[in-house]
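Novice: Residues per chain are reported as follows:
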Amino acid sequence: MAAQKIVRKTLTIKNRLGLHARPAALLVQLTNTFASEITVENNGQKVNGKSIMGLMMLAAAHNTKLIFEACGKDSENAIKKIKELFDLKFHED
Amino acid sequence: MSHKGIAASPGIVIGRALLLDRDDLTIPKHEIKEEDLPKEIARFEDALIKTRKEMIEMQTRIEDKMGTKHAEIFDAHLLVLEDRMLIEEVIRRLEKEKRCVEFVFYESLQKFAKAFSSIEDEYLKERAADIQDVGRRVLRNLLGKHHETLSSIEEKGIVIAYDLAPSETVFINKSFVLGFATDIGSRTSHTAIIARSLEIPAIVGLEDITQRVEYGDTIILDGIHGIIEINPNEKLIAHYREEIKKFEEITRNLSVFQTLPAVTTDDHKLKLMANIELPSESDSALIHGAVGIGLYRTEFFYMNRTDLPTEQEHYENYKIVADKMYPHEVVVRTMDLGGDKFLSHLNVPNELNPFMGWRAIRFSLEKKDIFKTQLRAILRANEHGNLKILYPLITNLEELIQANLVLEVVKKELIADGHTINTDIGVGAMIEVPSAALITDLLAPHVDFFSIGTNDLIQYALAVDRVNEHIAYLYDPAHPGVLRFIDKIIRDAKDANIRVAMCGEMASDPIYIPLLIGMGLEEFSVPSAFISEIKKVSRSISRTECQKLWSQVQKISTGKEIQKILVEFLRLKVPELLLYNSFHGGELDST
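Line by line, the protein sequences are chains A and B. -14 is the number of the first residue of the first sequence in the numbering used here; add one for each residue after it. 18 is the number of the first residue of the second sequence in the numbering used here; add one for each residue after it.
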């Protein structure tokens, strides 16, 4: 049985407009492809990383640091793919 | 019962009220038994699936009509519908509170919407409306209520709604929608602009019309005076039937002018062009006999979406208009937005005095990337060489020089990218700020044409906020100060040998046409529906008598007396004033 491994990573929002509807939608579409539970934390507020409303409620602007935590058998891959999306600035700018 | 609102689009119609989307969803609150829980959850799932289907249908239709980018907002809406936090919360509360799913869903939704409205970010705050929108659709399906939308209308009638979202107005079917009336909105709101472009009579800003009208009521909608009559008596209906006949006759008589040239009795030619906002309006412009687009507003591209338009989208739209209008010219005005909702995703702060704030060319020169994207698209779309660029709100020479510099850089970049472009594209400045009007002689060497934007020029020159109804009486195009500004702009343009057009409200008001001709103005850009009327006026007068009229007016010191002379002149020369009344009943949108 695969281990329920917890992976944690802090990512910075690099696209100019921040985590508005479009990037949040892309992120949710991605997180929902993983079996792992994914949470996102900003300034002590923690939300479900598979919920668009949760993500938008973080009101994360440009340069905000978000702590991602994935727990489950594909947690490592999940964090890797999320980091890629952040590095690509959600295909914006 | 008679109600007065803002006349948004001329015409009179009588018909049955089709009430749209009134938010009178009464949420039941009854308790449920433990064993009914699976049934409630199944109802919830059914409603979600149904809503999802509706939304995908709507998305596809918008995509077909307006392009992928405009439909993208629905991706976010769909995700709200499938949101785990929301669904989990509803199911958790269902199990705990044992109330019907309508109530539990409504309460959960309000919790999320409230959390969103308290966010400091203006853009995210507005997403609360998206959540409510999705929520209403789900509730309607839970309650088994048929959602009356513009696209589902299958009987003739007058649409009564709180407001029409731009995403809904694309579905208007002219064979069913006789007219529409809304609670909110202004002459410049999207709803009003769409109504005029579709030539459907409309009244906006009626405040509580959705509360006063019942489905099926008989309605008289007078879009000329902004009056709506609910369940009128036979006498009133008979009166309005006469008014409709008169209006139809006027329109019919005017249609004769569509193919005739705009020329004064002493053979001086005028150029009558159309103001448009959507590419599809170029058809209507041509039908009405416009010989070009004197003002192509581009704000529309930035509306009703979550991101910025791409160069390709701009390009495709400009190309459509350029192709349709060729060989006539098309003046594309660069983005004229301010710190208002259209660009909320750019974190533009709310301003106390937006008309004097960070907007138009001021915005473009600071957000050069956005500006350059638009300029690149215009240059690329100028294959026939019939496009021209117009900068809005030029206040000083520096802005004009800067804007031209950006344009030169963009041209070089396009050539470097391997594009073949027409480098000698015509450039113009909107003259709508009084200080700019006073230095038109200094601005002229840097442009190919001026376009006089009278709505703002008058508002700034007279210090009258044109949105404030308490001081509306001060908004006077005939104020001698305003006339002197206009006269100076025209003379400076002639002295510098450049072209000058007027694209503001004043250019489509028949009483000012003779005066403007007298000042030497030859180019007018107006809403398509007014072209024929102005043509009729110009074909009934000579330039010589217009010049005399202007000399006479210059000796008069008050706007009121000047107005009187102008009305008298028109009454004498063009006895049937035609759309004149509709004009003064319903002032059109801003420029």
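Just so you know, not all the hints are guaranteed correct.
Simulated pairs of lysine-lysine, DSSO-like, Cα-Cα distance not exceeding 30 Å [as the list claims (entries may be wrong)]:
1) K385/B / K50/A
2) K262/B / K389/B
3) K429/B / K74/A
These are calculated hints, taken from the structure and not from any lab test.
Novice: Holds or violated: K262/B and K389/B, Cα atoms, limit 30 Å.
Specialist: The given pair, whose Cα atoms are some 50 Å apart, is violated under the 30 Å limit.
Novice: Keeping to a limit of 30 Å between CA atoms, is the pair of K385/B and K50/A held or broken?
Specialist: Given that 30 Å is the threshold and the Cα spacing comes to 28 Å, the pair holds.
Novice: Under the criterion that the straight-line Cα-Cα distance not exceed 30 Å, is the pair K429/B, K74/A satisfied?
Specialist: holds, 28 Å
In this structure, the one hint that does not hold is number 2.
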